[in-house]
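Undergrad: Residues per chain, in single letters:
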Amino acid sequence: MAIPLAYLGAGRMSAATMSRQPGFANSSIGRALRSSWGARVTSYFAFVVAWQIVGASFFRVPTPWETLDFIWREVSGGDHGGVRPGQFWEHFSATVPRFAIGISVAFVIGVVVGLLIGSFSFVRALLSDVLLVFLALPAIIWAFLTVMWFGLGWEAPVYTVILSAAPFVAVNVAQGVRAVSPELRRMSDAFGVPRNRRIRSMLLPAITGYLFTGLRFAVIIGWNAVLLAEWFGAVDGVGWRARLWYDAARYKGFVGWAIIFIVFIFLLDGLVLSPLQRRAFRWRASPSSDLKAEVGAVDTESFTNTAIGL
Amino acid sequence: MATLQIEKLTKTFPPHSKDGRPVRAIQDISFAMSGQVFVSLVGPSGCGKSTLLNIVSGVDSPSTGTVTVTQDGKKARLGYVFQDSRLLPWRTVMQNMLYVSDLPEEEGRANASKYLEMVGLGHAHDMYPGQLSGGMQQRVGIARAFSVSPDLLLMDEPFSHLDAITARSLREELQVMWNATKKTVLFVTHDVMEAVQLSNRIITLAHGGTVFDDTTIELPFPRKASDPEFAAQQAEILGRFETMELERTAAKG
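Which chain is which? The protein sequence lines are A and E, in order.
What the first sequence shows, in my numbering, is residues 1 to 310, in sequence order.
What the second sequence shows, in my numbering, is residues 311 to 563, in sequence order.
Treat the hints with caution; some may be incorrect.
[To be verified] Covered stretches of chain A (in silico footprint by chain E; criterion: 3 or more residues with CB under 8 Å from a CB of chain E, positions within the stretch not fixed):
| hint | stretch |
| --- | --- |
| 1 | 178-186 |
| 2 | 196-208 |
[Unchecked claim] Quick partial rundown of chain E residues pointing at chain A, CB under 10 Å, derived from the structure:
| hint | residue |
| --- | --- |
| 3 | Gly368 |
| 4 | Pro372 |
| 5 | Thr402 |
[What the hints assert, rightly or not] Negatives, chain A to chain E, calculated, CB over 10 Å:
| hint | residue |
| --- | --- |
| 6 | Ser119 |
| 7 | Pro138 |
| 8 | Ile259 |
Treat the hints as calculated values from the structure; they're not laboratory data.
Beta carbons are placed, not taken as given, at the ideal position from N, Cα and C, and that holds for glycine.
Bound-form chain A, shown alone (with noise of 0.2 Å):
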């Protein structure tokens, strides 16, 4: 406890305070806590020490060893008691082809329906109420309903991803579309670009940040999607898996499997979607002072000469 102690009394010290102090604040662990990773760690930290103070308090609440014991058991599929040894990898590979066929299909959904809304006043008259309508229906209706309609099986969930996330990446790109900046319209207009190489080059990257919102939602409605789609209506996959622990009441296999859930989507979004956004906008980097001064050495004179020159 003394490290977070420690973060609290230096956050409440002023700046002029600590640059005299030569205590624990101003060393360079002191340093590191005020930092916003320090903050972050500080915060984890606080979760597992509550967590085991509940998890030790109260015996339906299991501590975090005892599901992290689960999760690697489940993971190299340890024995778990004599019964339902570990089948991690069995369900994880079930579970991710059906939730990348969905979310691969929402996106093209999504992305063709949000650039007709966002392009033509027709469109946007006639599918906005029903897209509102397909914002407000939860994954759990839909997971219902894929299960009425296609029964156990792969379809349920996939169909759960689509029909979930593809509104949510469609309102995202429409809201792009005609957030596009009409000075590069009319550039583009008197200068008489083709139509394919406007979309490639002027819509389509004008539109990335709000396509990068659109599939960060659409990747955690997703998710949430083929996990209720498979807690009802699937006979494998990380959703039944988790449902297992669930009817069996064994409450570390659930919270382990709910841990797992969480681990997955930070992993994605940290190993896939981030790289790809950085990628995306590599060119809102800082601008270069090193490359302005070489570039802006540039007079009148030598302009002069090269046009001369022609």
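Following the hints, put chain E in place on chain A, whose structure we already have.
TA: Same frame as chain A, now just chain E:
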């Protein structure tokens, strides 16, 4: 040879509100320009200069009257330099140049390089607009407009957003560029000094969107603001401006 013919052009915008009245931006303007000329449209803010340029470029349409732009009897190719650079921020300088090009890829790159060299940005091909200063961005905008080999080049107050020193430098560069290429240019500005420095001919628009004055400038290039003849020409046009303003004030009563 590029020819711009404007006949009895009027442009009226619909009212801003239900109770408002239609706004007449241009009223019965007629003039023609042809060949290797640099024509400036000068006038106070709100006199319809930019509206006229938008109609000539085809971005906007006239309410009445006709605008024809031809090159040897065929439809002319236009280039446009805007008040701001209007570059795609997510594309490099070279990609911005290629965005408006209708040449095959390799030929387009060589052509773009030539014009970027002309504006002193030969080393900036792979830079993004955000890495360039405002003046450099506008240089790319000028290079982009010249690179499409326009029969008629339209320029809408291209230096109005720049600081005085950069604007002066770019005016001198444009003068050199025009003398090297002799494109037909229609240049909009509210700066009489700028118009006198760059143009063969100055058309002055009055409030209400009518042609007030049409003057030919016969000073030799390059023109320097410090030359007495330059100052005299500028004073003469400004004098006519003052007369116009006095008459307008008197008419208002």
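Undergrad: Given Gly368 (chain E) was flagged as interface, is its beta-carbon under 10 Å from a beta-carbon of chain A?
TA: holds, 7 Å
Undergrad: Was the hint right that Thr402 (chain E) lines chain A, CB cutoff 10 Å?
TA: holds, 8 Å
Undergrad: Next item in the hint list is Pro372 (chain E). Is there a CB on chain A closer than 10 Å to its CB?
TA: Violated: closest Cβ of chain A sits about 16 Å from Pro372 (chain E), beyond 10 Å.
Undergrad: Against chain E, does Ile259 (chain A) keep a CB gap of more than 10 Å to every residue?
TA: holds, 38 Å
Undergrad: Just want to verify: Pro138 (chain A) was marked as not at the interface with chain E; is every Cβ pair farther apart than 10 Å?
TA: Per Cβ check, Pro138 (chain A) is outside 10 Å of chain E; nearest 36 Å; holds.
Undergrad: Within the stretch 178-186 of chain A, is the number of residues with a Cβ closer than 8 Å to a Cβ of chain E three or more?
TA: holds (count 3)
Undergrad: Would you assess whether Ser119 (chain A), listed as outside the interface, keeps its beta-carbon beyond 10 Å of every beta-carbon in chain E?
TA: For Ser119 (chain A), whose nearest Cβ neighbour in chain E is about 18 Å away, the distance exceeds 10 Å, so it holds.
Undergrad: Holds or violated: the stretch 196-208 of chain A covered by chain E, criterion of 3 or more residues with Cβ-Cβ distance under 8 Å?
TA: holds (count 6)
When each numbered hint is compared with the structure, a violation occurs for hint 4 only.
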